[in-house]
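Visitor: Residue-level listing of the chains:
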Amino acid sequence: MTSKNPFMMIAGVVSGIFVLALVGVMVWMSKDTPRSGTFGTAFSLVNDQGKPVDQSIFKGNPSLVYFGYTHCPEVCPTTLYEVAGYLEELGAEGQSLKTYLFTVDPERDTPDIMKGYVTAFSDRITGVTGTPQEMTKVIAGWKAFARKQPNPSGGYSMSHTMDLFLIGADGRLKGLIPYGADPDEAIEKIRSALL
Amino acid sequence: MIRKHIGIFVALAATLSFGTARAHEFKVGEIEIGHPYSRAMLPVAKVGGGYLKITNAGPADRLVSASSDRAGSVEFHEMKMNGAIMEMRELQGGIVLPAKSTVELKPGGYHVMFMNVTKPFKEGEMVKATLVFEKAGPVDVEFAVGPIAGDKAHSEHGK
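Top to bottom, those sequences are chains A and B. Sequential numbering from 1 applies to the first sequence in this note's numbering. Sequential numbering from 1 applies to the second sequence in this note's numbering.
There could be a bad hint or two in this list.
No more than 30 Å apart at the CA atoms, straight line, and that leaves these computed lysine-lysine pairs for BS3-like [as the list claims (entries may be wrong)]:
| id | chain 1 | residue 1 | chain 2 | residue 2 |
| --- | --- | --- | --- | --- |
| 1 | A | Lys148 | B | Lys46 |
| 2 | A | Lys137 | B | Lys106 |
| 3 | A | Lys148 | B | Lys106 |
| 4 | B | Lys27 | B | Lys80 |
Since the hints were derived computationally from the structure, they do not count as laboratory data. Source: prediction; values computed, not measured.
Please take these sequences and the hints and turn them into a complete structure.
Guide: Written as structure tokens, this is what we have:
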């Protein structure tokens with residue numbers, strides 16, 4: 001049947017190539033989107049000066065982002081202390097880096113408290129807080145985790161992600177530094193991923 | 001690699017020097033409390049962790065409560081690392097001390113939580129506290145305040 005009509009054959013081959021190309025484009029796009037679409041989200045919060053900040057803080061310069069809180073006895077101070085060390089070690093090379101502590105406990109961490117906390121480590125770290133709803137959006141957007149754990153004798157603790165997020169100047173996630181990472185390896189990772 | 005070794009050496013040296021210079025012990029009944037220590041807190045921080053080693057040479061007991069003039073309240077918490085997530089919870093009913101056992105409160109595990117601290121702990125000072133054991137009773141102890149959080153040598157201390 002088909003051999004009798006060469007035009008049908010050519011049309012079949014052409015449409016076949018077209019479909020393959022289309023599938024290829026679809027696969028390529030679906031592979032590409034997780035990096036730009038799945039991480040990060042629009043938000044409206046305030047920095048430790050009380051000034052409004054949104055997702056645009058991640059554009060135009062690489063950032064180090066930590067999700068922690070000031071009522072944190074161990075991992076947060078340890079991480080921020082180490083981050084301050086990375087910034088010092090990188091010196092002029094890390095000039096473009098912006099560093100943020102997003103509080104997972106915005107109810108207690110006011111801009112003032114955040115300011116006092118982060119500047120105790122380094123004047124290069126900026127605290128970010130705001131409404132719990134907006135903060136929940138950011139935490140979910142970056143696939144981080146935070147949960148309030150009520151204390152039987154009153155008050156609460158926060159369980160949260162310990163990783164330090166490395167975000168490129170394009171606003172995309174470039175890597176993570178786990179808690180307790182070797183400082184030399186961490187600095188090398190920041191250098192290769194962001195600088 | 002070399003830097004790693006230096007790091008280990010420094011950690012070891014710091015641990016040893018800290019141990020000889022500041023080691024202190026307290027005793028109540030058959031319970032011995034080894035080297036309670038804390039870390040310097042940030043100027044605005046409201047909570048501080050406390051660490052100590054409890055050696056119970058007697059029958060099963062329980063560390064039921066603690067108090068300190070420096071804190072609004074003192075609790076016992078457990079920190080757990082679940083993958084990349086730090087989980088924190090208050091221990092209800094205190095800390096169980098089986099007969100003839102040693103329980104260590106240390107970074108990354110059980111610890112004392114000084115809540116609502118009004119005057120942040122400073123490096124070099126001693127923070128007075130009272131620990132209460134269910135059977136052995138109360139005992140006054142002092143937490144030696146070490147360097148600010150993040151000091152690797154100190155966090156490795158006692159591990």
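Visitor: All hints are to be evaluated individually against the structure, with a verdict given for each.
Guide: Do the hints match the structure? See the list:
1. Lys148(A) to Lys46(B): Holds. Lysine 148(A) to lysine 46(B) sits at ~17 Å (cutoff 30 Å).
2. Lys137(A) to Lys106(B): Since the Cα atoms of lysine 137(A) and lysine 106(B) sit roughly 34 Å apart, the hinted pair is violated (cutoff 30 Å).
3. Lys148(A) to Lys106(B): Between lysine 148(A) and lysine 106(B) the Cα gap is close to 23 Å, so the pair holds against 30 Å.
4. Lys27(B) to Lys80(B): holds, 29 Å
Hint 2 alone, counting from the list given before, is not met by this structure.
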